[in-house]
Amino acid sequence: MKSASTLSNAFLQPAGQALPAALLTLRFDRASALADLILPTRKTENWKYSAKHLKLTDDMASTLPMDASAEAGDYNSGYTVVMVNGVVRPDASNYPTLEGLSIQRFGDLSEDDASVAADMLSKSISDQPAKSGSVNMSQLNGARFEDGLLIQLQPGTVLDQPLFLIHHTTASHSGSAYPCILVAAGNNSQLTVVEDYVSSGDCSVMVNTTTEFSVGDGANVTSVRLNTEGQSVQHMGTTGVRQQRSSRFESHSVGFGSTLRRHDLHVRLEGEGAECKLNGVVVTQGTQHYDNHTTIEHVAANCNSEETYRNIAADKSHAVFNGRIHIHQDAQKSKANMSNKNLLLTSGAEIDTKPELEIYADDVLCAHGATIGQLDKQSIFYLVSRGLSPRDAKVLLTMAFINELVEQIPVEQVRDTAHTGLKQFFDQAFKEV
Amino acid sequence: MLSIKNLHASVEDKQILNGLNLEIKAGEVHAIMGPNGSGKSTLSQVLAGNEAFEVTEGEVTFNGDNLLDLATEERAREGIFLAFQYPVEIPGVSNLQFLRTSVNAMRKHNGIEDMNAAEFMKLAKEVSKQVDLDPAFLKRGVNEGFSGGEKKRNEIMQALLLKPKLAILDETDSGLDIDALKVVADGVNALRAPDRAILMITHYQRLLDHIVPDYVHVLSEGKIIKSGGPELALELEAKGYGWLGIDDQAAANHG
Ligand SMILES: Nc1ncnc2c1ncn2[C@@H]1O[C@H](COP(=O)(O)OP(=O)(O)OP(=O)(O)O)[C@@H](O)[C@H]1O
Ligand SMILES: [Mg+2]
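Read top to bottom, the protein sequences are chains A and B.
Sequential numbering from 1 applies to the first sequence in the numbering used here.
Sequential numbering from 1001 applies to the second sequence in the numbering used here.
Hints are not guaranteed to be accurate.
[Stated by the list, open to error] Derived DSSO-like pairs (lysine-lysine); straight-line CA-CA distance at most 30 Å:
| no. | chain 1 | residue 1 | chain 2 | residue 2 |
| --- | --- | --- | --- | --- |
| 1 | B | Lys1108 | A | Lys431 |
| 2 | A | Lys423 | B | Lys1122 |
| 3 | A | Lys377 | B | Lys1014 |
| 4 | B | Lys1139 | A | Lys341 |
| 5 | A | Lys277 | B | Lys1165 |
| 6 | A | Lys377 | B | Lys1226 |
| 7 | B | Lys1108 | A | Lys377 |
| 8 | A | Lys354 | A | Lys55 |
| 9 | A | Lys377 | B | Lys1163 |
| 10 | A | Lys316 | A | Lys52 |
| 11 | A | Lys377 | B | Lys1139 |
| 12 | B | Lys1139 | B | Lys1122 |
Hint data in this document are derived by calculation from the structure and do not stem from the laboratory.
On a predicted model such as this, the values are computed, not experimentally measured, just so you know.
Next comes chain A alone, as it looks inside the complex (with noise of 0.2 Å):
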């Protein structure tokens, strides 16, 4: 048998150099401390069950380029801003002007603003190395970003619509994408970005993201994460998000598309009274696998979380859901709910979910619940004993197990594709009746 492999030379290498000292330091690091780590396999605790779909060959090192002709999608009413394989394409993009709201590219930044990104990554909580000392995806993108916005806002900015942050991987050949987004909320700002991943193409590729939350006391920061990509596409992600006090972070994420996803979420409360509320919703179908791993951190007292996470496999496709909980001594009054219902459609599906609690505050309120269930064979009897057709009826409890959560995503248009999206789902899972 083999033994376990590091990470292909190939995958070291960054393509453009066009960035400020301090990144290029920051990547050249990045990339010098993988060398030595081996790729993750089943036995690296975090990656158990997706290890053995991970694909990091050497064809899928190059960095995709830049394709001018990738389509910004449907959000051209709002604010957006387009990049292509990690690229931005500030031509496609339709960047707001608003006293207070700075959008930088990497590139663009001057030698200050470069040292507040190169400071964020560096500090990004998602980007320690696992403990076992294996390749951890956030650090590959470290390693290998071409492009990125530094977005800030100054204290007390409210951006007054979703900033789209449209996230096109161009799949004309095998390769990967690093994009890489900074959000610098000041303190009582507000904003609400979209990441809306889509791909074209079908060719085996990586899209490898990483997205940092910095929340200022009393900001308030909203972030919805969809992803629609392709069969043929690996979707790697991390979002980091630290809070400050009286502060608020809520994350929707959707997910339908690509053929292998995993998303790693981690918050850390800092600041007294914080509050975050976490949302996911994935289905899954065909040979589809979703690993959505979060973490949530009470560091400061008197904080507050509530994560709701909802996942239907149909098919032969496979839902892996862990959510950490670690409650520091300090956090004293913390409040943490968390709740994981899971819905299998066929026997051939798999679901796996695994709560961890770490509680070393003694005066906490602490709750949390995980269900793996089937359609209720009496709930369908009933439906269809008032003329539903049984298809009809089971659509509508599937709906029903996820609607309360794509009903509370604060964007309408996301709302709109969630439910497309959720429709030919229901088309394809309940095609035999």
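Using the hints provided, position chain B with the ligands relative to the given structure of chain A.
Leaving out everything else, chain B with the ligands in the frame of chain A:
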């Protein structure tokens, strides 16, 4: 309308119906009584098409068609309605959405175009008033958190909405307070029509005071062992089941 001949049915390899015969004509109201566990709900579930129950022998025709050949939803669309003894709670599916999908499935079957949301809302409000349910219930999940009596009224409301040819009411009177019993009985009486038949399963004479049946049957161990007119129910009320030769244990469970 409905003709049941020598019906045998089992659930999980347990034989429950053992050669049941019953004829119901349009316009008639039949009541079935019988001890707990005698197979009354099994009969109603078999007629509605619950696949958990297996028909092992016998035949059932509905308006001349072989009922047992029809899928559950086809039976419903042909006009069979079952008010469940235990209506199912379905959180997350709104009553309104469910009922509209149901009504439109029936309309489609009959070649009538869909009812739009506004039209439907109006109709749903009317029938909910008829069974004394606050229209706010329409917005809640199907039977979600409904009290026992509210669930039963919701069943009758559905019958009024769907206008079935054969309404099977499985203990729709159980667990109702006196006022609710009156409301449900009025609902059932409103369903009575020359082209419609009603099969009521009940343990109590008190329902039959409000809805006078044409026939009363006694079901025991999966068979109808006695049939008669409304006076049979009164006799059962007075004497229990023992005089019919039903073993005392089963009779003791009655009610
Ligand atoms: N799904 C099932 N699995 C196993 N046994 C069942 C099932 N459904 C019904 N039975 C059994 O079949 C028998 C008849 O049940 P049924 O519900 O038809 O009785 P019933 O006459 O409606 O009684 P009640 O008056 O209590 O409602 C009972 O012994 C019951 O336990
Ligand atoms: Mg019963």
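Identify every previously stated hint that the structure contradicts and give their numbers, smallest first.
-> Hints 5 and 6 not satisfied by this model.
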